[in-house]
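Visitor: Each chain, written out:
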Amino acid sequence: MMRGLLLWLCVFPAWAVVETYTFDTPEQQALYHEMVRELRCVVCQNQNLIESNAPIAQDLRQQLYQMIRYQAATRDDIVGFMTQRYGDFVLYRPPLQANSWLLWFAPVLMFVFGVGLWVQFIRRSQQQGSAHE
Amino acid sequence: MTRSAWPFIGFVLLVLLFSIGLMLNPREVPSPLLNQPAPSLQGNVLGSSELFDGHAYTNQVWLLNVWASWCSGCLSEHPHIVAAKQRYPDMTWIGLNYKDSATPAQAWLAQHGNPYQTVIEDPSGRLGLDWGILGVPETFLIDAQGRVRAKWQGVISEARLQQEIIPAWQALNAETER
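Line by line, the protein sequences give chains A and B. Quick note: the first sequence uses numbering that gives the first Met the number 0, first residue 0, plus one each step. Quick note: the second sequence uses numbering that gives the first Met the number 0, first residue 0, plus one each step.
FYI, nobody ran anything at the bench for these hints, they're computed from the structure. Think of the CB as a built atom: it goes at the ideal place given N, C-alpha and C, for glycine as much as any other residue. Hints may contain errors.
One side only, chain B facing chain A, incomplete, derived with CB under 8 angstroms [to be verified]:
1. VAL28
2. PRO31
3. ALA101
4. PRO103
5. ALA106
6. PRO122
7. LEU128
8. ASP129
9. GLY131
10. LEU133
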């Protein structure tokens, strides 16, 4: 009970500032909720649109709402609209392209590198072990 | 080189990488508009019902200064813009009055001087959204082909004006005359 209340207190302030929009279909609503979490607030850089109460985030949410409800915008339309104005920077999931492949594949490369080092280490200690026998 | 030196070299490289990363300014977001056709700029002329269309300025180099009467940064950069306009009368400054209303904006201009050829109203910030405005003040330089060639975020200091904005404007003018 207490834990639930504390959790609620932590979560509540983030929602308090956000206006409620009503949509015609559940799909529109789902798209809106997906996009406000995926688009970054451009001035308060470590928040997405729904977490931020900056005026610009509010404007972008309103824009998003209008695009989804009245212009039947798809996910691609929205991403296109936002990146055309604010660059790839607004996306929390940057597109895979020439200047971002390192960002995308660095974890895999590091993993392969780490496994390589580990295998080498095991082999060497086995050789040393057998040399001692 | 001994084998044990490698982890140390790796460590030094990481420290270098991180210190370069820390020295970058995360607020400096490059505008995707650079070298792209300028977004349309259609709106009411400040305090009137007359419509303005930014396309009227194609074939000349112009500057778009985004400002508001409630913005303190705008007040501190304004004297520099006024002075630049006095020194270079053929410099075309267009104002975009961002999220403001006509009465305070006109009073502000009357009090602090008006270097703008035209001021366009953007009470809702919708034009600002098309231009990718992050906050006021912001300044754009548009070439004679109607492309955005430079953008300055934040206050224009005297140094910024003399070292960046005026030279960029002159270079574009020279490019146009050729």
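Visitor: Now tell me if each hint is right for this structure.
Guide: Hints versus structure:
no.: 1; hint: VAL28; in the structure: holds, 5 angstroms
no.: 2; hint: PRO31; in the structure: holds, 4 angstroms
no.: 3; hint: ALA101; in the structure: violated, 20 angstroms
no.: 4; hint: PRO103; in the structure: violated, 17 angstroms
no.: 5; hint: ALA106; in the structure: violated, 22 angstroms
no.: 6; hint: PRO122; in the structure: violated, 12 angstroms
no.: 7; hint: LEU128; in the structure: holds, 6 angstroms
no.: 8; hint: ASP129; in the structure: holds, 6 angstroms
no.: 9; hint: GLY131; in the structure: holds, 4 angstroms
no.: 10; hint: LEU133; in the structure: holds, 5 angstroms
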